[in-house]
Amino acid sequence: MYIIQGLQCRNCGRSYTLSPTHICEFCFGGLDVVYDYSKVGHTFTLKALENRPYNIWRYKELLPIEKEPVCGFNVGFTPLLRARRLERLLGIKEIYIKNDAVNHPTLSFKDRVVAVAISKAVEFGYDVISCASTGNLANSVAALAASCGLKSYVFIPWDLEAGKVLGTLIYGAHLIRVKGTYDDVNRLCSEIAENFEWAFVNINIRPFYAEGSKTFGFEIAEQMNFKLPKHIVVPMGGGSLITKIWKAFKELQTLGFIDAIETKMHGAQAEGANPIVSAYKQGRKTIKPVKPNTIAKSLAIGNPADGAYALQTIRESGGTAEDVTDDEILEGIKMLAREEGIFTETAGGVTVAVTRKLKEQGVIGEDDSVVIAITGNGLKTQEVVRNNMGEPTVIEPNLKDFEKIYCTVI
Amino acid sequence: MVTVKIPGPLRKLTGGKDLIQLEGVVTVKDALEKLIETYPELEDRLKDERGLLREFINIFVNNEDIRFLNELDTELKDQDHIILVPAIAGGQGKRRVKLYFPPDKVKEPVIYNLGHMFKIVTNIRKANVDEDFGWVSLEVEGSDEEFSKAIEYLKKLGIRVEPIEGDILI
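Sequence lines, in order, name chains E and Z. All residue numbers for the first sequence refer to our numbering, where the first residue is 1 and numbers rise by one. All residue numbers for the second sequence refer to our numbering, where the first residue is 1 and numbers rise by one.
Calculated directly from the structure, the hints in this document are not laboratory data. Among the hints, erroneous ones may be present.
Going by beta-carbon spacing under 8 angstroms, a handful of chain Z positions derived as facing chain E [what the hints assert, rightly or not]:
no. : residue
1   : Gly-8
2   : Pro-9
3   : Thr-38
4   : Tyr-39
5   : Arg-67
6   : Glu-71
7   : Thr-74
8   : Phe-147
The calculated label-pair distances, taken between Cβ atoms and stated as ranges, are [what the hints assert, rightly or not]:
no. : chain 1 : residue 1 : chain 2 : residue 2 : range
9   : E       : His-174   : Z       : Asn-123   : 48 to 54 angstroms
10  : E       : Arg-177   : Z       : Thr-38    : 34 to 40 angstroms
11  : Z       : Glu-71    : E       : Ala-260   : 52 to 58 angstroms
12  : E       : His-42    : Z       : Glu-49    : 37 to 43 angstroms
13  : Z       : Leu-19    : E       : Leu-81    : 51 to 57 angstroms
Distance condition first, Cα-Cα at most 27 angstroms in a straight line; then the derived DSSO-like pairs of lysine-lysine [said to hold, decoys possible]:
no. : chain 1 : residue 1 : chain 2 : residue 2
14  : E       : Lys-250   : Z       : Lys-126
15  : Z       : Lys-77    : E       : Lys-357
16  : Z       : Lys-155   : Z       : Lys-126
17  : E       : Lys-250   : Z       : Lys-98
18  : Z       : Lys-17    : E       : Lys-288
19  : E       : Lys-285   : Z       : Lys-77
20  : E       : Lys-39    : E       : Lys-227
21  : E       : Lys-288   : Z       : Lys-155
22  : Z       : Lys-34    : Z       : Lys-98
23  : Z       : Lys-126   : E       : Lys-288
24  : Z       : Lys-149   : E       : Lys-250
25  : E       : Lys-230   : Z       : Lys-155
26  : Z       : Lys-29    : Z       : Lys-77
27  : E       : Lys-264   : E       : Lys-400
28  : E       : Lys-281   : Z       : Lys-34
29  : E       : Lys-281   : Z       : Lys-156
30  : E       : Lys-230   : Z       : Lys-29
31  : E       : Lys-230   : E       : Lys-250
We treat Cβ as the ideally placed atom computed from N, Cα and C, and that holds for glycine.
So here's chain E without its partners, still in its complex pose:
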C-alpha cells in the first residue's frame, strides 16, 4: 500500500523513512507513523467495511503494514456490551464494557498490538520476536510468534503471576525472568535491542506496534454506530493505549466517519504505580518516575514510555486521571464479575473502580454514557483474588449432608 508516508518525531518533527527504529536520532523523541489520509479515504469507506471480516485488519488502511499481514486474523472485534446491572449499581445511565478479556488468542488487548508488530517485523525480515513485558504482552508475543513459526525471547520482571509465566512457557518461548521491576526489564531490553538483531515489539518496532491499539478505538466507534460515548475510562501502564484510542477517533473524524468528538478520555492507574495520575494532579507535563508497588502488575510501570503523551491526550480531551487502592481494585474485579459475569484481571478492576470514583466525584454524571476498557482476563491473575473469595463448602456425597449445610452454612 502507498498510504504510509514514513515516521516522524513527535518532539521535533524530523522525518524518517520506514525502518525498525523508535527514537529520533537527533533529540531522542518518540517516532510516530504518518499516513496520507487523503489516500486512505479511497478504499476505507463505510461500504467497504460492510464486507470485511470482523478482525483488526478490517482497518488495514490505518495500520502501518505494507504487505499482507502474517497473523491476527482472529484478533479483535471483541464484544462491546451494555452493562445494565452495573448502570443501576453505579447510578449511570449508560455503561458499556469493551471486553478484551476475551480477545483471541491470549485474552488481552495485547494481541492487537502484537499482531501488527509481528506482521511488520516479518516485513522487515526479522525471524526472532522479543519484548519486555508485565505478562500480557509476554503471552501474546509467545503465542503469535509460535503461530507464525518464529522464535521468541520474552523478558519479564521477577514477581509475575504464575498464570502469566505458564501462559508464556506453554508456547515454547524462551522466557527470561529478570531480577527487578518492569522498568529494570525495559532498560535492560533497550540495551539488548542494540546488540541483537531481533524485533523487540515494544522497542525498535514500537511505533508500528503501538498503532495496533487504535483498533480498540475503531471498534468502539464502529460498534456504537460512530456515535462516541461521553466518557471512556482506560487503564494506563505505559500510557500508549489511551493516546492511540484518541488517535483512532481523530482519524475517523478526519475521514468523515465522526462529526464532533466530545468524548473525555479518563486515565486509570493503581495508587501504587501512579506516575501519570500524579503528574496530572500536580499539573505537570513531564513524568516523575515512581517505584511500583501494587497488585495490578500489568500496570506496574514506574517510568511509563508514553506517559507524557497520555497526559497530553487526557488534557486535550478534557478528561481526568485518577487512581485507586489495591482494595478498591479487588472490589472492582468482584463488582464486574458479580454484576456482569465478566472476570477481568487487575487492570480491569482498576478501570471499574476508577469509573465508580469518577461518578462519586461528579466527573461522570448520572445521565452520561461511559465505555469502560477491560483489557485483560482474570484467569491469569487468580492469586490476587484467591484469598478474598472464601472457600467452597465441602460435603459428603449424600442428600442429608447437603440439607444440613443448606439450612446452616449457605
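With chain E's structure known, arrange chain Z on it following the hints.
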C-alpha cells in the same frame, strides 16, 4: 575511573565506541561535561538550545535511574557504570493551539498577557478577528509546566483552546 555506555544512535559521534572510560569525575554532571569535552559533537545531542539535558535521555548509575538519586548531582565513585538510555517519551517543544475568543474578550490583549504572565514565547501564525468574534492560531514554545498554566489561564477567561494536530512544525 567510571564507565559510560553510549547508546546506539550516538555511537557515530564517538568513533563507534560504546564504552567510554572517564577519569577524575565527581558527579554525573562532570561525567557528561567530560564526555562532551572529548567528543564535542555530542553537545547538541545531549543538550537542548538552553544548554539543559534533553528530557528524553534517561541516565542510570549502576542501573538506578538518577531521578531516584540526586539527579545530575549524583556522586560517582570508582568503578561506577553510567548508562545513557534514550527514553521513548517526553513532552513537546513547540505546540500549536487555536484560540476562539468570545465577544467580550476580543478586545483584551490576551496574547500579550500570556507572554508576560508565563515563561512562554508566543507566535501568531494565522488569525481572523472581527468585531465580536475571533480566532488565533498560535505557536507556543516553553516548558510543559508553563504551557499548562497558560492554557489554564486562557480557559478561565472563557477562551476555547483547541490543539492543532497534524501540523507539525520543524
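Hint-by-hint comparison with the structure:
1. Among the interface hints, the one on Z:Gly-8 holds; its C-beta lies about 5 angstroms from the nearest C-beta in chain E, closer than the 8 angstroms criterion.
2. Of the supplied interface hints, the one on Z:Pro-9 holds, with its beta-carbon coming within about 5 angstroms of a beta-carbon of chain E, less than 8 angstroms.
3. For Z:Thr-38, the shortest C-beta to C-beta distance to chain E is roughly 20 angstroms, which exceeds 8 angstroms, and the interface hint is violated.
4. This hint is violated: Z:Tyr-39 has a C-beta 16 angstroms from the nearest C-beta of chain E, more than the 8 angstroms allowed.
5. Given hint, Z:Arg-67 at the interface with chain E, holds; its Cβ is 6 angstroms from that chain's nearest Cβ, closer than 8 angstroms.
6. For Z:Glu-71, the interface hint is violated, the least distance from its beta-carbon to any beta-carbon of chain E being 11 angstroms, above 8 angstroms.
7. Look at Z:Thr-74: its Cβ only gets to about 15 angstroms from chain E, farther than 8 angstroms, so that hint breaks.
8. A cut of 8 angstroms between beta carbons decides the hint on Z:Phe-147: the least distance to chain E is about 7 angstroms, and the hint holds.
9. Between E:His-174 and Z:Asn-123 the beta carbons are some 52 angstroms apart, a value that agrees with the proposed interval 48 to 54 angstroms.
10. At roughly 38 angstroms, the beta-carbon separation of E:Arg-177 and Z:Thr-38 lies within the given 34 to 40 angstroms, and the hint holds.
11. Distance hint check: the CB atoms of Z:Glu-71 and E:Ala-260 are about 43 angstroms apart, inconsistent with the given range 52 to 58 angstroms.
12. Take E:His-42 and Z:Glu-49: their Cβ atoms lie about 41 angstroms apart, and the range 37 to 43 angstroms holds.
13. In this structure, Z:Leu-19 and E:Leu-81 meet the distance hint of 51 to 57 angstroms, their C-beta atoms being roughly 55 angstroms apart.
14. Straight-line distance between C-alpha atoms of E:Lys-250 and Z:Lys-126 comes to about 22 angstroms, which keeps the hinted pair within the 27 angstroms bound.
15. With a CA separation close to 48 angstroms, the supplied pair Z:Lys-77 and E:Lys-357 exceeds the 27 angstroms bound.
16. Taken as a hint, the Z:Lys-155 and Z:Lys-126 pair is honoured in the structure, with Cα atoms around 20 angstroms apart against an allowance of 27 angstroms.
17. Pair hint E:Lys-250 plus Z:Lys-98 holds up; C-alpha atoms about 16 angstroms apart against a cutoff of 27 angstroms.
18. Our distance criterion of 27 angstroms between C-alpha atoms is broken by Z:Lys-17 and E:Lys-288, whose separation comes to about 31 angstroms.
19. Proposed proximity of E:Lys-285 and Z:Lys-77 is contradicted: the alpha carbons are some 33 angstroms apart, above 27 angstroms.
20. As the CA atoms of E:Lys-39 and E:Lys-227 are separated by approximately 24 angstroms, the hinted pair is consistent with the 27 angstroms bound.
21. A threshold of 27 angstroms between alpha carbons decides the hint, and for E:Lys-288 with Z:Lys-155 the separation of about 26 angstroms falls inside it, so the pair holds.
22. This hinted pair does not check out: Z:Lys-34 and Z:Lys-98 have alpha carbons roughly 44 angstroms apart, beyond 27 angstroms.
23. Only pairs whose Cα atoms come within 27 angstroms are accepted, and Z:Lys-126 paired with E:Lys-288 is rejected, the gap being roughly 35 angstroms.
24. A hinted pair counts as satisfied when its Cα atoms are at most 27 angstroms apart, and Z:Lys-149 with E:Lys-250 qualifies at roughly 25 angstroms.
25. Restraint check: the Cα-Cα separation between E:Lys-230 and Z:Lys-155 comes to about 20 angstroms, which is no more than 27 angstroms; the hinted pair holds.
26. For the suggested pair Z:Lys-29 and Z:Lys-77, the alpha carbons sit about 13 angstroms apart, so the restraint of at most 27 angstroms is met.
27. Distance check on the hinted pair: E:Lys-264 and E:Lys-400 sit about 57 angstroms apart at the alpha-carbon level, beyond 27 angstroms; violated.
28. For the suggested pair E:Lys-281 and Z:Lys-34, the alpha carbons sit about 38 angstroms apart, so the restraint of at most 27 angstroms is broken.
29. With a C-alpha separation of about 18 angstroms, the suggested pairing of E:Lys-281 with Z:Lys-156 holds against the 27 angstroms cut-off.
30. At most 27 angstroms may separate the alpha-carbon atoms for a hinted pair to count; E:Lys-230 and Z:Lys-29 exceed this at roughly 48 angstroms.
31. This hinted pair checks out: E:Lys-230 and E:Lys-250 have alpha carbons roughly 15 angstroms apart, not beyond 27 angstroms.
Checked against the numbered hints given earlier, the structure breaks hints 3, 4, 6, 7, 11, 15, 18, 19, 22, 23, 27, 28 and 30 and satisfies all the rest.
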